[in-house]
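Asks: The listed protein sequences derive, respectively, from chains L and D. According to this note's numbering, the residues represented by the first sequence are 1 to 113, in order. According to this note's numbering, the residues represented by the second sequence are 1 to 224, in order.
Hints are not guaranteed to be accurate.
Claimed, not checked - Per the computed footprint, the stretches of chain D lying under chain L, defined by three or more beta-carbons under 8 Å from a beta-carbon of chain L, are: (1) 9-22; (2) 131-137; (3) 153-162.
If you are wondering where the hints come from, they were derived from the structure by calculation, not from laboratory data. Using N, Cα and C, we set each Cβ at its ideal position, and we do this for glycine too.
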Amino acid sequence: MHELSVTQSVLDIALTHAERAGAKRVLAIDLVIGDLASILDDSVQFYWEMIAKGTPAEGATLRFTRLPLELRCTDCGRIFSPGADNFSCPACNSSRVRVNQGEELRVESIEVE
Amino acid sequence: MPARIQIVENILSANDELAARNRAAFDRAGVLALNLMASPGAGKTSLILRTLEALRGRVRLGVIEGDLASSIDTDRARAAGIPAFQINTGGQCHLDAVMVQAAMHELPLAQLDVVIIENVGNLVCPIEFRLGSHLSVLIASIPEGDDKPYKYPSAYRGVQALVVNKVDLLPYVPFRMDYFREGVEALNPGLVTFPLSCRTGEGLAAWADWLVARVTENRSPAAH
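Given these sequences and hints, build the entire structure.
Replies: So, in structure tokens, the structure goes:
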């Protein structure tokens, strides 16, 4: 349920930037969220409708771009999405891998009028 | 006319900024702050009490306890002679920088070397929220199983040490240490790891020595 805190932060960021731009309303918010961030879209959406009510962002559409966990093999360079219980490289079977993508948690842009 | 505004801002940047202020306040007091995370029952409070015993006379320890409700852990810490402050999160699943800011000033920071912040028992929610600690430490315990790095990968990222507690149960629980360590290594290469048992005391000395070394580093002028 840490999505409530996350959603509150999304609202704060959107309202701050909208006000700075002299906008009256926030129409949409683009979010980029990696799978390692453990955020449920539905949960954010649920809280959003509650907390955005009565603000200039009420009714704004949340657009989620999800980035899956990606690992990079340090031996052969292959970039891959790991299986559920195994991080080894599917090409060379090496276990020397590094996280390449999946920790993103950001507001990319907002649409205002 | 609708217009698009590029932002590209971390969603939790407000919390991050406050965490940086907490960190500065810990620095001014010369205190090393440690964010201790684990699932419920992994041994967070046991490790704190064991660490207190091991460090007595060497390092002055204080504790901030985060719990959904109750003050059981704080009572145990105070009974052991540690200055302790309880944060009841009222159901919130993680600590954040605001809660720590309020709590840290309830401790006699000037008389402490280390503050351990015991986070809410949870392997998901606390991970994203910086508190202003210098170090984050994760406890995994043997009965939780060897697949936890694969199931909760984010918990293993961004921590500076890993304690593997309850190693005295290894003879009784199927736990492939190699498989476990492979997952950890992928997520956090070279992570310093302390296999230990808070029950038997095995392995605790290495953990305590490591912590003392971090305190010494923190005290030296080069650290700031």
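Asks: Would you list, in rising numerical order, the hints stated earlier that this structure does not obey?
Replies: Of the numbered hints given earlier, the structure breaks just one, which is hint 2.
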